[in-house]
Amino acid sequence: MGFFSFTKKLAIDLGTANTVIIKDGKIIVDQPSYVTINRKTEKVEWVGQEAYKRFEKENNDLMTVRPLRDGVVADLVATEYMIRGMIKMADSKRYFFPSSMKVVVCVPSGSTDVEIRAVRDAAEKAGANEVYLIYEPMSAAIGIGLDVMEPMGNMIVDIGGGTTEIAVISLGGIVNNKSIKVAGDELTNDIVDYMKTEHSIRIGERTAEEIKKNVGSALEVLEEEPEDFEVIGQDLASILPKTIQVNYKEIARCLDKSILKIETAVGNALDNTAPELYADIYKNGVYITGGGALLKGLDKRLSDKFKIPFIVAEDPLYAVAKGTHIALNNTDKYTLLFK
19 MGFFSFTKKL AIDLGTANTV IIKDGKIIVD QPSYVTINRK TEKVEWVGQE
69 AYKRFEKENN DLMTVRPLRD GVVADLVATE YMIRGMIKMA DSKRYFFPSS
119 MKVVVCVPSG STDVEIRAVR DAAEKAGANE VYLIYEPMSA AIGIGLDVME
169 PMGNMIVDIG GGTTEIAVIS LGGIVNNKSI KVAGDELTND IVDYMKTEHS
219 IRIGERTAEE IKKNVGSALE VLEEEPEDFE VIGQDLASIL PKTIQVNYKE
269 IARCLDKSIL KIETAVGNAL DNTAPELYAD IYKNGVYITG GGALLKGLDK
319 RLSDKFKIPF IVAEDPLYAV AKGTHIALNN TDKYTLLFK
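Under the numbering used here, the first residue of the sequence shown is numbered 19, with each subsequent residue one higher.
Think of the hints as simulated: they come from the structure by calculation, not from any bench. Treat the numbers as computed from the prediction; the structure is a model and nothing was measured. Any given hint could be a false lead.
Distance windows between CB atoms, simulated [claimed, not checked]:
(1) LEU254 to ASN348: 18 to 26 Å
(2) PRO169 to LYS279: 25 to 33 Å
(3) LYS301 to GLY43: 28 to 36 Å
(4) ASN302 to ASP333: 16 to 24 Å
(5) LYS279 to GLU142: 30 to 38 Å
(6) THR261 to ALA292: 49 to 57 Å
(7) TYR300 to GLU60: 35 to 43 Å
(8) PHE356 to VAL239: 43 to 51 Å
(9) PRO327 to ARG87: 15 to 23 Å
(10) LYS214 to ASP289: 35 to 43 Å
(11) LYS351 to LEU254: 50 to 58 Å
(12) ASN77 to LEU258: 19 to 27 Å
(13) ASN347 to ARG57: 51 to 59 Å
(14) PHE73 to LYS106: 18 to 26 Å
With a Cα cut of at most 27 Å, we get these calculated BS3-like pairs of lysine-lysine [what the hints assert, rightly or not]:
(15) LYS44 to LYS58
(16) LYS323 to LYS301
(17) LYS44 to LYS26
(18) LYS71 to LYS61
(19) LYS351 to LYS325
(20) LYS231 to LYS260
(21) LYS279 to LYS325
(22) LYS231 to LYS71
(23) LYS75 to LYS44
(24) LYS301 to LYS267
(25) LYS199 to LYS44
Virtual Cβ for every residue (Gly too), placed ideally from N, Cα, C.
Using the sequences plus the hints, can you model the full thing?
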């Protein structure tokens with residue numbers, strides 16, 4: 019039977035907000051990182067998009083959770099269920115002969131040994147025989163086409179759902195890095211709180227996400243202004259439905275404190291960078307990846323602040339996943355990058 023065995027290879031971007039799986043160079047899975055569990059039977063009912071549809075809409079028997087919070091595994095069992103469900107989506111074929119599974123999973127650069135072990139355990143319990151872990155900013159750099167093995171300073175700012183990863187990379191290693199728990203989730207919470215205090219309206223995370231996608235901005239003045247966004251929520255005073263129009267200028271004010279924290283982290287990373295690497299970064303620019311890169315005006319705000327070009331990477335949402343896939347197909351070349 020050994021002659022007929024083969025290895026299935028999957029690249030997994032295990033994100034706080036979304037999980038992306040690439041197989042054979044194609045994005046097979048792109049699903050929200052949610053899982054719905056039946057409290058009575060303790061069985062998984064839905065994973066990904068189907069679970070997200072039910073988020074904040076469950077009855078007492080169902081519980082929809084996000085297994086990852088702030089970029090780390092918050093619930094190991096739920097993470098295992100989710101990875102298993104995602105892998106099943108990516109590899110639904112039935113095979114008549116033995117097969118093994120090789121996966122590369124990206125993790126935040128600030129992950130502790132315990133958190134790294136938790137991700138590895140979840141992947142192994144989900145059926146992977148070989149598990150390689152790679153840091154997100156390194157994977158993002160590979161994904162946007164940078165040669166991370168060269169003696170050249172490159173800087174990545176990867177703004178995901180749970181964490182913002184800031185790393186200076188050279189010679190196949192991370193020279194210095196900063197991982198802060200200020201990212202997409204924090205911005206979403208800012209919007210929820212803002213709607214409550216400024217408009218006396220109660221909204222959920224899903225509505226706040228839509229506001230962020232449509233009128234989320236890092237600047238109060240944009241060359242191309244997005245249209246106002248209609249928000250429907252519950253009036254805190256009357257408990258009746260309330261509809262308001264939200265514009266990007268007020269959302270920029272709402273998000274300012276969190277973006278300032280990202281600015282501070284970027285500044286600290288630059289301050290700790292050796293002069294020669296700093297010169298490379300000045301010439302090459304800083305690449306912004308992740309969902310947060312889509313925040314309107316963020317690149318201009320950071321460029322104006324640090325007088326260094328900040329460039330939104332092409333296809334920023336999938337830069338990490340693409341880099342993970344490249345690393346999967348070149349494990350020998352990138353041996354030193356794996357954890």
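| field | Ascending list of hint numbers which this structure does not respect | value | Hints 1, 7, 9, 13, 15, 19, 23, 24, 25 not satisfied by this model.
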